[in-house]
Amino acid sequence: MLNDLLYRMRALFRRNVVETELNEEIRFHFDREVEKYKKQGMTDEEARRSARLAFGGDEQVKEDCREARGTGLIDTGVQDLRYAQRQLWSNPSFAVVIILTMALSIGANSAIFSVISSVLIKSLPYPEPEKIVRVFLTSNIYPKFPLNPFDFRDYRTHSKSFDSLAAFSRGDMQLSGGSTEPVRLHGFRITSGFFRVLGLHPQLGREFDVKVETPGNGLQVILSDRVWRSQFGAAPDIVGRKITLNAQPFTVVGVMPAGTEHPGNEYRSLAYGEDVDLWWPFTFEGDPTRRGAHYIEGIGRLKDGVTAEQAQSELSAIMTQIARDLGQGKSDWQVMVIPLYREVVGSSQRMLLVLLGAVGIVLLIACANAANLLLARAATRQREIAVRLALGASRSRLVRQLLTESLLIALAGGALGLGMAAGGVKALVSLLPADFPRAHEIHVSAPVFAFTFLVSAATGILFGLIPAIQASRIDPRQGLHEGGRTSTGTGRLSRLRNALVVSEVSLACVLLIGAGLMLRSLLNLIHLDPGFREEHVLTASVSLPGAEYKTEAVVGRFYDTLTTNLASIPGVEAAGAGSDLPWTGYDDNTSLNIEGKQAPPHDEFHARYHVATPDYFRALGIPLLRGRFFTAGDKPGTQRVVIINHAMAQKYWPGEDVVGKRVTWDDHPKETDWFRIVGVVGDVKDKPSSADTEPAFWWADLQQPFTSTDMSLVVRSTADPQTLAEAVRNEVRRLDPALAVADVAWMDEIVYGSVATPRFAFVLVGMFAGLAILLAAIGTYGVISYSVSQRTPEFGLRMALGAQRLDVIRLVLAQAAGLVLTGTVLGLLLALTLARVLKNLIYEVSPADPLTFGAVGLMVIAIAVLACYIPARKATKADPMIALRAE
Amino acid sequence: MADERLELPQGTLDLLILKALALESLHGWALSERLQQVSREALQVQQGSLYPALHRLERRGWIKANWAISENNRSAKYYKLTRQGEKQLEVEAAAWRKLAAAVGHLLDMA
Chain A
0 MLNDLLYRMR
10 ALFRRNVVET
20 ELNEEIRFHF
30 DREVEKYKKQ
40 GMTDEEARRS
50 ARLAFGGDEQ
60 VKEDCREARG
70 TGLIDTGVQD
80 LRYAQRQLWS
90 NPSFAVVIIL
100 TMALSIGANS
110 AIFSVISSVL
120 IKSLPYPEPE
130 KIVRVFLTSN
140 IYPKFPLNPF
150 DFRDYRTHSK
160 SFDSLAAFSR
170 GDMQLSGGST
180 EPVRLHGFRI
190 TSGFFRVLGL
200 HPQLGREFDV
210 KVETPGNGLQ
220 VILSDRVWRS
230 QFGAAPDIVG
240 RKITLNAQPF
250 TVVGVMPAGT
260 EHPGNEYRSL
270 AYGEDVDLWW
280 PFTFEGDPTR
290 RGAHYIEGIG
300 RLKDGVTAEQ
310 AQSELSAIMT
320 QIARDLGQGK
330 SDWQVMVIPL
340 YREVVGSSQR
350 MLLVLLGAVG
360 IVLLIACANA
370 ANLLLARAAT
380 RQREIAVRLA
390 LGASRSRLVR
400 QLLTESLLIA
410 LAGGALGLGM
420 AAGGVKALVS
430 LLPADFPRAH
440 EIHVSAPVFA
450 FTFLVSAATG
460 ILFGLIPAIQ
470 ASRIDPRQGL
480 HEGGRTSTGT
490 GRLSRLRNAL
500 VVSEVSLACV
510 LLIGAGLMLR
520 SLLNLIHLDP
530 GFREEHVLTA
540 SVSLPGAEYK
550 TEAVVGRFYD
560 TLTTNLASIP
570 GVEAAGAGSD
580 LPWTGYDDNT
590 SLNIEGKQAP
600 PHDEFHARYH
610 VATPDYFRAL
620 GIPLLRGRFF
630 TAGDKPGTQR
640 VVIINHAMAQ
650 KYWPGEDVVG
660 KRVTWDDHPK
670 ETDWFRIVGV
680 VGDVKDKPSS
690 ADTEPAFWWA
700 DLQQPFTSTD
710 MSLVVRSTAD
720 PQTLAEAVRN
730 EVRRLDPALA
740 VADVAWMDEI
750 VYGSVATPRF
760 AFVLVGMFAG
770 LAILLAAIGT
780 YGVISYSVSQ
790 RTPEFGLRMA
800 LGAQRLDVIR
810 LVLAQAAGLV
820 LTGTVLGLLL
830 ALTLARVLKN
840 LIYEVSPADP
850 LTFGAVGLMV
860 IAIAVLACYI
870 PARKATKADP
880 MIALRAE
Chain B
0 MADERLELPQ
10 GTLDLLILKA
20 LALESLHGWA
30 LSERLQQVSR
40 EALQVQQGSL
50 YPALHRLERR
60 GWIKANWAIS
70 ENNRSAKYYK
80 LTRQGEKQLE
90 VEAAAWRKLA
100 AAVGHLLDMA
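Those protein sequence lines, which keep their order, are chains A and B.
For the first sequence, numbering that gives the first Met the number 0 assigns the number 0 to the initial residue and increments by one for each residue that follows.
For the second sequence, numbering that gives the first Met the number 0 assigns the number 0 to the initial residue and increments by one for each residue that follows.
Think of the hints as simulated: they come from the structure by calculation, not from any bench.
These numbers come from a predicted model, not from an experiment.
For glycine and all other residues, C-beta sits at the position ideal for the given N, C-alpha and C.
Take the hints with a grain of salt, since some may be wrong.
Calculated from the model, a selection of chain A residues having no Cβ within reach of chain B, i.e. all distances over 12 Å [said to hold, decoys possible]:
#, residue
1, 61
2, 99
3, 215
4, 769
So, partial list: chain A residues that the calculated Cβ filter (under 7 Å) puts toward chain B [what the hints assert, rightly or not]:
#, residue
5, 2
6, 6
7, 27
8, 28
9, 31
10, 53
11, 54
12, 55
13, 58
14, 60
15, 63
16, 64
17, 67
18, 68
19, 274
Could you put the whole structure together from the sequences, leaning on the hints where they help?
Dropping the structure here:
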């Protein structure tokens, strides 16, 4: 066996030597045979003839010897490759066009696959990520709701399904002290098992102990690698040091390693992965029997062999037990346990798959084009192929050779495309919406290389097979006689090419319709009235440390003074502060009691709550519908007031005049516990992509019922942006130099960013559709052009017989129209069935929208007819004299 | 004369080559002549099929080749049997004899 291998290796690597030896050996034999016959008395010529008859053809023997060598396949493979390369070299424009087309199409596929590979396929950066689950509450009203801390503690104590169960909630902190400006850091409050759930360990120090969950056991913090380096110069003695957060001293107990990914959260969300700066302990405070407040999120690592469903049932049972222990009735809430993966990527999965489908269609069109080009070229090579068949080449060998050519083209295109994809991926990532999951993990990686290679090879075989089989079906006699002109071969050949063009046009139609639907959806979203006016509005957020701003009165006065000062900045029309901004994920709710109304059983009146200064609404451009805004007169000691939105008025006081009605939060309210409704404001849409608005109300800033320390500033001004931002910072600094001003952004940027996902999807599908129709137009042009060149004598004859130029043009257009119309109709039908896939991605547009379908149909026909303009004109230039002479 | 020669059954060419080379090292043409001689022109050995067979046997390691100057002063490729080839020859010859005996036996049965 070793011999066998050595022999084959020699045959492979020292092919030239082996070939030469073979030649020598054969010639030696032949010469001796000739000598033998000459010795027998024949003439030289006769001897040669007899020897030839006895021996057989040299080439045949050599072929057999080569086969016997066992390197046949590779031998012929290399030969085919060299031949293919020569073919391409000799016709550079053809090679460039076809390789470039494949490069663009394969490159686009690789780019999209890069995104899919990094976002959907690659596992999350935690050990055994499939075991990590999120825990929510769910009900009919709220499909995903956070947990109550004491409920969570009971789950943790009693549950046996989890290796570790933890909870976390958003808790940004202000870092001050030291030489630099105070800075706001993203932080989370976590229970002690949090990092154990994720499977991560601090690089310095340790995790939180359970003891710290009880208030009063010290203020501790764990830093992220980035903050440790940027704020503390990667000091090796950081563990044990005290730093000032929110005006209080916190001891650093640990530092997490670089690349610690945040698992994402729902409530005041920080997008997945976006670096968290610090973690500090969550403390269980208050009455453990009161389970009404829900504000922490659950995350857990399942034990081996436990499924999410089993954990969910167990937690539900625990919940029922809790209710029993506390003497409460059955709750409307249910526990929900969802795998983390689904939480992180779930929403983007469908869109990515649609994109993959779209780009796959582009590749199919490119393949059809390539096949068409190869078919066209095969027609001109008929003579050469006929000769080779006549000389004894086997058809399968011929097919293999032609396939090698198309594989070479495809692999070359794939390699070039991979390069394009690398750049394309970078551009893609920059276009991605800010909250796109795992965006920072997207790059061209090993799976993408493998994918590109496989796709290239498959593509090469796909578009090469038909031309290769077609070419090998040539009857050698026909090819040789005609001297290159195809006659009966044309029938099948042109039918194939026509079929390819029709399929190209139909596929391009499908993509164009997809893009058209997405465009309409995007426009619908953009033109949705958000309920506020976003131009010229600067926003920022300020967070007052609780240790220094202890009472509602102090907090209220701060923001009241700040907004008054901001309003006096030159150029400012209105300045206000509110507990939140639209479309930032704020969703704090409460139940309430309405005077004179009883909530239906198992339901309650509930609404979103906010706090705002008087000018908040004017600054944002929210219209006043009835009554009045807050004034300076709404302060502690005077009648407590609220402003509600239109949705709340409609829901709870349908058909009534709402100004003057009263609400309260006490179950047995005194006179001073009642809040009077003084105004109704217009609805602000909850999300950019929906027309819904939740009932909501605002408390006046000076009458805030709890310390609303974190507020967003809203400043409407036509002043220069830079100076305005600086002026806002100055005003804040004037009131308290230790405060950081964070999240400075313009409202119209926020609004623009809110439709980032549909815009992203549309841009991509639009590009693919553009590419597709371009390829289809080129394909149509190619086929019509070729057909015209074949029919030139016919046209010349017609014109000689009296046909006008217009008649000839009409003939050409008729042929083109036939192809294009068939393709368009097929495309529209195909789109009708496929468009259903888009249903969840488009807003207020029917997947069978007639306007889009009609527009695309007309556009495709117009483009295709345009593509035939040049060939049609060329047809009219047919010289009747030349045509007559040729015949 | 060509019509009177018997066609070689499949696989026996290898056996004949091995046997011929067992006696002495030969180049391709000499081997061809020898085979024709020894079979007294009774066997039809296609000269063209000799070389593929030689190359195949060389690949299997049963014969070994080297270039040397031949009797007419030209360099030629000589083949000779290897030790493995000798063993293979014994095996195949034994098999052939067994086969021939069995077939003959069958034919003798009236």
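Okay, the hints, checked on the actual structure:
1. 61: Residue 61 of chain A is in fact no farther than 12 Å from some Cβ atom of chain B, at 8 Å.
2. 99: holds (45 Å)
3. 215: holds (86 Å)
4. 769: holds (57 Å)
5. 2: holds (3 Å)
6. 6: At about 5 Å, which falls below the 7 Å cut-off, the nearest Cβ of chain B leaves the hint on residue 6 of chain A intact, so it holds.
7. 27: holds (5 Å)
8. 28: holds (4 Å)
9. 31: At about 4 Å, which falls below the 7 Å cut-off, the nearest Cβ of chain B leaves the hint on residue 31 of chain A intact, so it holds.
10. 53: holds (6 Å)
11. 54: Hint holds; residue 54 of chain A Cβ to chain B Cβ min 5 Å, cut 7 Å.
12. 55: holds (4 Å)
13. 58: At about 11 Å, which exceeds the 7 Å cut-off, the nearest Cβ of chain B leaves the hint on residue 58 of chain A violated.
14. 60: holds (5 Å)
15. 63: Because about 4 Å separates residue 63 of chain A from the closest Cβ in chain B, which is inside the 7 Å limit, the hint holds.
16. 64: At 5 Å from the nearest chain B Cβ, residue 64 of chain A passes the 7 Å test, so the hint holds.
17. 67: Where the cut-off is 7 Å and the nearest Cβ of chain B is about 4 Å from residue 67 of chain A, the hint holds.
18. 68: Since chain B brings a Cβ to about 6 Å from residue 68 of chain A, closer than 7 Å, the hint holds.
19. 274: violated (63 Å)
Violated hints for the displayed structure, listed by number in ascending order: 1, 13 and 19.
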